[in-house]
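**Q** Chain by chain, the residues:
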Amino acid sequence: MTAADHLSLEQVRAYVRGALHPSTLVATDDHLEACAACRAALARESDASFGAEAFGRALAAPEARPESPHASFELLRGAVDGTLSSIDRQWVEAHVRLCMMCAEELTDLERFATVLPVRPAAAAPSASVAADAGTPPPVSSHDVLRPARPRLPRLDEGDEPPARYGETAPPTLPIWIKLAAGASLVAILQLWAC
Amino acid sequence: MAVDALQQEWDPRLKALIGDASPRASERLAALALRAIDPAVRHATTTQLAHLTAADRADVATMCRDRLTALLRAVQKGERTVPVADLEDFARASAEAMCRDYLRRTRPALAKLANRVRLIATRGVGIVGWTTPKGQPVLGLPAWTDQLPLEAPFPWHGRVKDWWGKGHAAVDGPALTPTVVRVLELAGAPVPSEAVAAVIFEVTGSADTGPRVDASPEGDEPELAVLDAGVGPDHLAIARRYLERAWKELIAMPPQMRASLLLSLRDHHGSALLPVFHCAGVTPLRLVAEALGMKADETAAIWAHLPWDDKAIGRRLGLTGLQVLNARTVARSRLLKHMALGDRE
Numbered sequence: 001m002t003a004a005d006h007l008s009l010e011q012v013r014a015y016v017r018g019a020l021h022p023s024t025l026v027a028t029d030d031h032l033e034a035c036a037a038c039r040a041a042l043a044r045e046s047d048a049s050f051g052a053e054a055f056g057r058a059l060a061a062p063e064a065r066p067e068s069p070h071a072s073f074e075l076l077r078g079a080v081d082g083t084l085s086s087i088d089r090q091w092v093e094a095h096v097r098l099c100m101m102c103a104e105e106l107t108d109l110e111r112f113a114t115v116l117p118v119r120p121a122a123a124a125p126s127a128s129v130a131a132d133a134g135t136p137p138p139v140s141s142h143d144v145l146r147p148a149r150p151r152l153p154r155l156d157e158g159d160e161p162p163a164r165y166g167e168t169a170p171p172t173l174p175i176w177i178k179l180a181a182g183a184s185l186v187a188i189l190q191l192w193a194c
Numbered sequence: 001m002a003v004d005a006l007q008q009e010w011d012p013r014l015k016a017l018i019g020d021a022s023p024r025a026s027e028r029l030a031a032l033a034l035r036a037i038d039p040a041v042r043h044a045t046t047t048q049l050a051h052l053t054a055a056d057r058a059d060v061a062t063m064c065r066d067r068l069t070a071l072l073r074a075v076q077k078g079e080r081t082v083p084v085a086d087l088e089d090f091a092r093a094s095a096e097a098m099c100r101d102y103l104r105r106t107r108p109a110l111a112k113l114a115n116r117v118r119l120i121a122t123r124g125v126g127i128v129g130w131t132t133p134k135g136q137p138v139l140g141l142p143a144w145t146d147q148l149p150l151e152a153p154f155p156w157h158g159r160v161k162d163w164w165g166k167g168h169a170a171v172d173g174p175a176l177t178p179t180v181v182r183v184l185e186l187a188g189a190p191v192p193s194e195a196v197a198a199v200i201f202e203v204t205g206s207a208d209t210g211p212r213v214d215a216s217p218e219g220d221e222p223e224l225a226v227l228d229a230g231v232g233p234d235h236l237a238i239a240r241r242y243l244e245r246a247w248k249e250l251i252a253m254p255p256q257m258r259a260s261l262l263l264s265l266r267d268h269h270g271s272a273l274l275p276v277f278h279c280a281g282v283t284p285l286r287l288v289a290e291a292l293g294m295k296a297d298e299t300a301a302i303w304a305h306l307p308w309d310d311k312a313i314g315r316r317l318g319l320t321g322l323q324v325l326n327a328r329t330v331a332r333s334r335l336l337k338h339m340a341l342g343d344r345e
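If you read the protein sequences in the order shown, they are chains E and V. Quick note on our numbering: the first sequence kicks off at 1 and runs consecutively. Quick note on our numbering: the second sequence kicks off at 1 and runs consecutively.
Isolated chain E (complex conformation) (with noise of 0.2 Å):
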């Protein structure tokens, strides 16, 4: 189709109801960019009004929607351990500019998160363990709210026994205070010896 061929008045009604064959469709979108005279044939045709207003009213119309509109625990968690897509990042980003009972629960957790161990949970035995539990999915290093926090050692890691939750491990003296006390030791022994 050229721009000498004009468009047909059946075409440009056509085009307006969304009634013409995907094949023609873009070939006559094609000829109505380059056509000044079909085009304005088109806007003879088509309500620009009607569709403006129609637009701004389904903008401002509130959704049926029925999940809360409030972030969820699983929301807030990846948003704390970065673990969260990028759709969802800037969702409740968004949300928390507005929510202030959101923004305050997504502070909250972020604080007492910094007196847990980082590491999230290996995946339970059980198959139904879910979300709670689970292994977050991998994310690119630009997907996260911000860069996850240097992981901290586990509380049953190392060549110490385990503490119990909440129990404070013994203390331990570095290595080299351990030495030094056993050289002195047996300095003090060789000395007593002589």
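Note that these hints are calculated values from the structure, not bench results.
Computed cross-link-like contacts, SDA-like style, restricted to lysine to any residue with a CA-CA straight-line distance of at most 20 Å:
hint, chain 1, residue 1, chain 2, residue 2
1, V, LYS77, E, GLU63
2, V, LYS295, E, HIS31
3, V, LYS337, E, ALA60
4, V, LYS337, E, ARG97
5, V, LYS15, V, VAL82
6, V, LYS77, V, PRO23
7, V, LYS337, E, GLU63
8, V, LYS248, E, ARG57
9, V, LYS311, E, GLU67
10, V, LYS134, E, SER72
11, V, LYS134, V, PRO153
12, V, LYS311, E, ARG65
13, V, LYS337, E, MET100
14, V, LYS295, E, LEU20
15, V, LYS311, E, SER68
16, V, LYS77, E, ALA61
17, V, LYS134, E, GLU67
18, V, LYS15, V, PRO83
19, V, LYS311, V, VAL82
20, V, LYS77, E, ALA60
21, V, LYS248, V, GLY281
22, V, LYS295, E, PRO22
23, V, LYS337, E, GLU93
24, V, LYS337, V, PRO254
25, V, LYS311, E, PRO66
26, V, LYS295, V, GLY314
Partial list, computed: chain V residues near chain E (C-beta under 7 Å):
hint, residue
27, ALA239
28, TYR242
29, LEU243
30, GLN256
31, PRO275
32, ALA304
Model, not experiment: these values are computed from the prediction. Each residue gets a CB set at the ideal place from its N, CA and C atoms; glycine is no exception.
Based on these hints, arrange chain V on the given structure of chain E.
**A** Structure of chain V alone, referenced to chain E:
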């Protein structure tokens, strides 16, 4: 692609209500509220708010019923454009969400404690959290994940001090982890996370700080952006400028947010509104396709099947239905705000 896979239909009972202002329609609406909404609200308030007084539960139930009945009226007036496919499912999910939000709003300190308790279970400290088939988050020891959780009335009901004994308990800081462990060990079975938080709250004699304001983006949208072009001689030019500005804002949005909004846009008759932009000469189809991350041919092929429902959009974008809904909510809110700012400038 099949049309059925892309478009969610209205629940036939709601569809019959749309635009019907007759007295008979009002009777049908009242009957629907009685049959579909009341049982859902009763179930949600009984299961989720068991620890509240009967008077508080009745208040929440009234609030849930009022909101859901208002939704039915809005559907009747044609003010809701996104179809509700199953009224019972919708009422149940809505009522449960309203109960949860009510607790978060009226008991903020307890809500924060419940979050902290659930966060502990994600940290590999010997407590695990999972969600039951009923959607209830529970906590337990790793060996308990196949056991059923305790249900109300819980073993500590009415005798919490005796049940707890002399052990130390804390609602925050490093001491919260051993407190949760002790609750679980005493209970001897998985416990709903809300109940764990509630018993720790009670054991420590904590008090809440009073209700918070429910400020969600849903109620915060400016209406300035809704166009009223009037019928003056330049109303077409005003409308076109409005759509051009809207398109410019849409193009500036992150792609998934933009697509979530554009593919679902519909008027109150359910007709797609995306074609408005190229029919008004604001942008050619090729650029609409580009904005959707599609080829022009592909866009032309789906044109007659718009608007899509959230599941179909989610399949296209690799998102869940809820992510699509949330992305669209942010997109609408952002567009309305930017358009309103433009109106003031």
